[in-house]
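Colleague: Read off the chains here:
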Amino acid sequence: MSEPPGATIAAPETPPTDKPSKPLAAQRVTPLRRPGRWIATAVVLVLAAQFVHGLVTNPFYQWDRWGYWFLRPTILDGLVITLEVTAYSAVLGLLGGILLALARLSKSPVLRAVSWTYVWALRSIPLIVVLLFLYNFSALYRTLSVGVPFGPAFFSFDESKLATDMVIAVIGLSLNEAAYAAEVVRGGILSVDQGQHEAAAALGLPKGYQFRKIVFPQALRSIIPNYVNQLIGLIKSTSLVFYVSLLDLFGTAQSMGSTYPGDIVPLLLVVTAWYLILTSVVSVIQFYVERYYARGATRSLPPTPLQKLRAGLTDLRARIRREAAV
Amino acid sequence: MSTIDTLGTAPAALEIHDVHKWYGAHRVLDGVDLTIRPGEVTVVIGPSGSGKSTLLRVINHLEKPEIGYVSINDELIGVKRQGERLKELSERAILAQRGRIGFVFQNFNLFPHLTALDNVAAAPVATGKLTKPEAQALAKELLERVGLGERVGAYPRQLSGGQQQRVAIARALALRPGVILFDEPTSALDPELVGEVLSVIKDLATSGTTLVIVTHEIGFAREIADRVVFIDGGRIVEQGPPSEVLDKPQHERTRDFLSKVL
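These protein sequence lines are chains A and B, in that order.
Numbering-wise, the first sequence is residues 5 to 330 according to my numbering.
Numbering-wise, the second sequence is residues 400 to 661 according to my numbering.
Incorrect hints may appear among the rest.
Below, simulated DSSO-like cross-link-like pairs (lysine-lysine); rule was C-alpha separation at most 30 Å, straight line [as the list claims (entries may be wrong)]:
id, chain 1, residue 1, chain 2, residue 2
1, A, Lys217, A, Lys111
2, B, Lys531, A, Lys111
3, A, Lys111, B, Lys479
4, A, Lys211, A, Lys111
5, A, Lys211, B, Lys647
6, A, Lys211, B, Lys531
7, B, Lys528, B, Lys539
8, A, Lys217, B, Lys528
9, A, Lys217, B, Lys539
10, A, Lys217, B, Lys463
11, A, Lys217, B, Lys531
12, A, Lys111, B, Lys486
13, B, Lys479, B, Lys463
Below, a sample of chain B positions facing chain A; criterion: calculated Cβ distance under 8 Å [stated by the list, open to error]:
id, residue
14, Trp421
15, Tyr422
16, Glu490
17, Asn508
18, Leu513
19, Thr526
20, Tyr554
21, Arg556
22, Leu558
23, Leu574
24, Phe619
Please keep in mind that the hints were generated in silico from the structure rather than gathered at the bench.
Backbone N, C-alpha and C fix where the C-beta goes; we use that ideal spot for every residue, glycine too.
Construct the entire structure; sequences and hints are all you get.
Modeller: As structure tokens, this is what we get:
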């Protein structure tokens, strides 16, 4: 590079004299040096390395025992219980939440008050208290019956047969989850523009269709991230079902720990690893579900990690080729 | 752009009878009477807050009048007669009636999560008037007629304002309404996009559909209106053909308004 490219174009007037007439490369702006950032990066890297080193080399963690326990059938049985309780409670909690949100947004003051009171109460009572209450529920109400309110009963259930540990756990978690989901769903519905309700009404779309096909799909865009947040909380709250004598992932590790007291730390690490895996899976699913419901909300969909990787590689290749050419 | 016909639907007659609407102490409509012949193009003008949008929303019962009624082809909208009284219809019945009244909003209000095609095809399917393939064929046809045959797969946010409003007009046409109401259809558009929407409305006007249009486009009103209605303070101050109301207004308030917008 000997001459700036602009110099070859015949200029109508002479360039101002204070402009340096050096080659273009000499005029390139040098970025500001940031030594502080480099130092901070180095410190963090050293600390991270130290942490990993400790994790690997400290005999206290007993990684061989971790390997022994990680895929033990009894741990996997516990994992299945955790997954079952989470799945049932997530679905029932969301359905309950939708009903509560609709009640809260209805024009009937009674429905609004009932919904508000439910959410208020269930958010105030600790989940463990709800679970223990349900566990002792059969002592309070020995039979449940279906019939005319305050009148004769058509069917009766013997509570102690109906309420297995699993049922108690799912009901307790769902009751709690529904209270939080109600607020998430309500927020989502409120986030949909009023014009959408009006357009749906002006077209004469049936009421149920308006909610299912117009309002709810748009509300989902804000519901999903918040509900996934809830869901991750729920996965971890399932560890409380241990107290209603259901052996989930945590419960199994806990009881194995009392049988093999030397293995408590590796067992806790096994549990940690499984919860990390579950949360990661949920986060990946969240990305794709959010992407699906983003249709129309943005002009173009965000790229998937795979697409990003591919674009990055193409970029890199182009850059290498450019550098090689110079 | 080819001329749009309303696919065999007969244009409807519209009657607004002594309609009053108030919010608390504020009277928005104060006894409006208007009879519109089938196929007539009525343009409603008036200062902001005069009640012209409310009048339009009363016609398809998005707003309920406190007194008075609206009828289309002699069928009462949103109410039924019970002896001497008017009784409100069920929500389901009102929704069914709205299928006969097209409504085009100032802000388009397209469904952002549906493609242009699905926006137009949704209502005929949801109300059970057409099967899904029939509705999609109709939607394609209507989008072609408003000049958007190429963009059937686009989502609303991928379209310009003018294109969105044309999709909204196609959506209103899909139910084959006897009357179409336009609530300031070009007010949210960039100036260079106004023309494409007005030309679609003009095609509808010449095809003999009953139209009621609230607009500030006085030039457009002069061009297409059979009748111009000037509203102020919730009352009709003056009405007649554009050559009279716009060019030789009788009332001081009409003259005053026109001098500000022209």
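Colleague: Okay, which hints does this one fail, numbers in order?
Modeller: The structure breaks hints 2, 5, 14, 15, 22 and 24; every other hint is satisfied.
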